[in-house]
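A.B. asks: Just so you know, the protein sequences line up as chains X and P, in that order. Note that the numbering used here has the first sequence beginning at 1, numbered continuously upward. Note that the numbering used here has the second sequence beginning at 1, numbered continuously upward.
Treat the hints with care, since some could be wrong.
[Stated by the list, open to error] Sample of chain P residues facing chain X (criterion: CB under 7 angstroms; computed from the structure):
id	residue
1	P46
2	H57
3	W95
[As the list claims (entries may be wrong)] Listing some non-contacts, in silico: residues in chain P with all C-beta distances to chain X over 12 angstroms:
id	residue
4	Q32
5	I33
6	T84
Source of the hints: derived by calculation from the structure; they are not laboratory data. Beta carbons are placed, not taken as given, at the ideal position from N, Cα and C, and that holds for glycine.
One letter stands for each residue in the lines below.
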Amino acid sequence: MSRFAPALRRVARELDLPRPTRAAILTELAADLESVYEHHLERGAAEAEAARRAEERVLGSPEMARRLSRVHRSSWREWSEEMGGRLTGGLDLLLLLGGVVPVLLFAAAVAVQGVWPGGGSPGASAGPLRWIVLAVATAQAVVVGAEVARVVGDRPVRRARLPLLLVLSALAPALGGLALALGARSALMLVASGAGGDMAMAAARLVVAGSTCVVGLLSGIAGALAWFILLNRAAVQADREVDALLSGEAPPPDARARGILSLVRRRSA
Amino acid sequence: MADTYDSQSLGRRVNELLILNELRTAPRHGYQIALEIEERSGGYFPFSHGTLYPILHRLEQEGWIAGAWTDPSAGRARKEYGLTEAGRTRLAELWEEWRVLSKRLERLLERKGGSDEQVRTGAA
């Protein structure tokens with residue numbers, strides 16, 4: 001094991017960043033630690049003293065890792081990861097599972113019933129948007145389901161899939177809103193025509209459009225929640241991977257490509 | 001360039017000036033930058049690496065310096081930083097800022113009747 005592995009592990013735990021960024025920073029720090037260590041050895045310091053000075057100079061205080069994290073993290077990601085962390089905390093998780101989720105499921109069931117063919121009033125025409133919203137919600141469910149299956153199977157969350165989930169989560173309420181706007185416009189036009197039967201049709205269209213909007217909104221909320229939780233899960237996995245990387249136990253493939261492992265192992269030899 | 005003195009960011013800009021100036025002649029590794037600043041200043045600027053890396057990474061994000069990994073086959077993979085064209089412009093700006101600041105400060109102190117020597121020794 002590298003003489004600096006314990007110190008680097010401490011830094012790694014403070015570096016709340018995506019794995020490639022974190023691995024690159026740790027590689028840089030590991031290389032500079034060795035260089036400063038050799039610099040002090042050349043100037044006559046004993047090995048232990050040279051190592052102590054190198055750690056002191058290169059790693060400094062724990063504030064360095066926090067500063068580096070702030071430099072590399074967007075404010076949006078900082079906020080979302082904090083939220084993700086909170087959602088997987090004890091009380092927040094209980095509130096989510098016991099309060100929010102049942103309400104969301106109930107509202108979703110009612111809304112889907114309105115959107116589903118025959119679910120609205122007879123003669124209602126919702127147009128193609130409701131199908132698009134349902135398709136987006138289904139795609140979202142597939143993405144979430146696939147990642148949950150990976151988590152259950154103790155495989156890493158695919159970070160690359162998370163932006164797709166976020167896009168779908170934003171798309172669903174946007175389409176729902178559009179459906180509501182179009183439905184309201186169509187209903188108003190029917191009401192303006194003044195016929196009695198058209199009023200019932202207008203009401204039916206509003207119900208379907210409203211239900212489509214609610215499905216979109218709920219789908220967006222559910223997708224965003226899943227995104228927060230999966231992101232947090234990915235961060236926890238990254239911590240474990242970095243620990244494995246530093247201890248030379250289980251190298252991630254991209255770390256091998258970057259030469260990180262060879263660096264750690266060479267110094268351990 | 002700012003027309004008024006910004007005390008909040010003075011330390012940050014001095015650090016930027018020191019680092020960019022250090023990279024003016026040749027690319028360097030992080031540890032080299034800190035050690036050379038310290039040695040060339042006779043220990044006056046004990047540049048902590050703990051401060052250095054966040055600044056280096058921010059300068060890299062700003063596009064004022066560019067980091068590149070050296071070939072690991074030649075030994076150890078290291079990240080080397082070099083000054084970009086934008087960095088040279090930034091360095092010139094900071095340098096000019098510093099000249100203006102020191103000149104204005106000097107003039108102000110002189111007008112108040114405080115010479116360099118008096119300011120340093122605290123004499124009235």
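A.B. asks: All the hints need checking, so say for each whether the structure fits it.
C.D. replies: Here's how the hints hold up against the structure:
{"no.": "1", "hint": "P46", "result": "violated, 9 angstroms"}
{"no.": "2", "hint": "H57", "result": "holds, 5 angstroms"}
{"no.": "3", "hint": "W95", "result": "violated, 24 angstroms"}
{"no.": "4", "hint": "Q32", "result": "violated, 8 angstroms"}
{"no.": "5", "hint": "I33", "result": "violated, 10 angstroms"}
{"no.": "6", "hint": "T84", "result": "holds, 17 angstroms"}
In the structure shown, a violation is registered for the earlier hints numbered 1, 3, 4 and 5, in ascending order.
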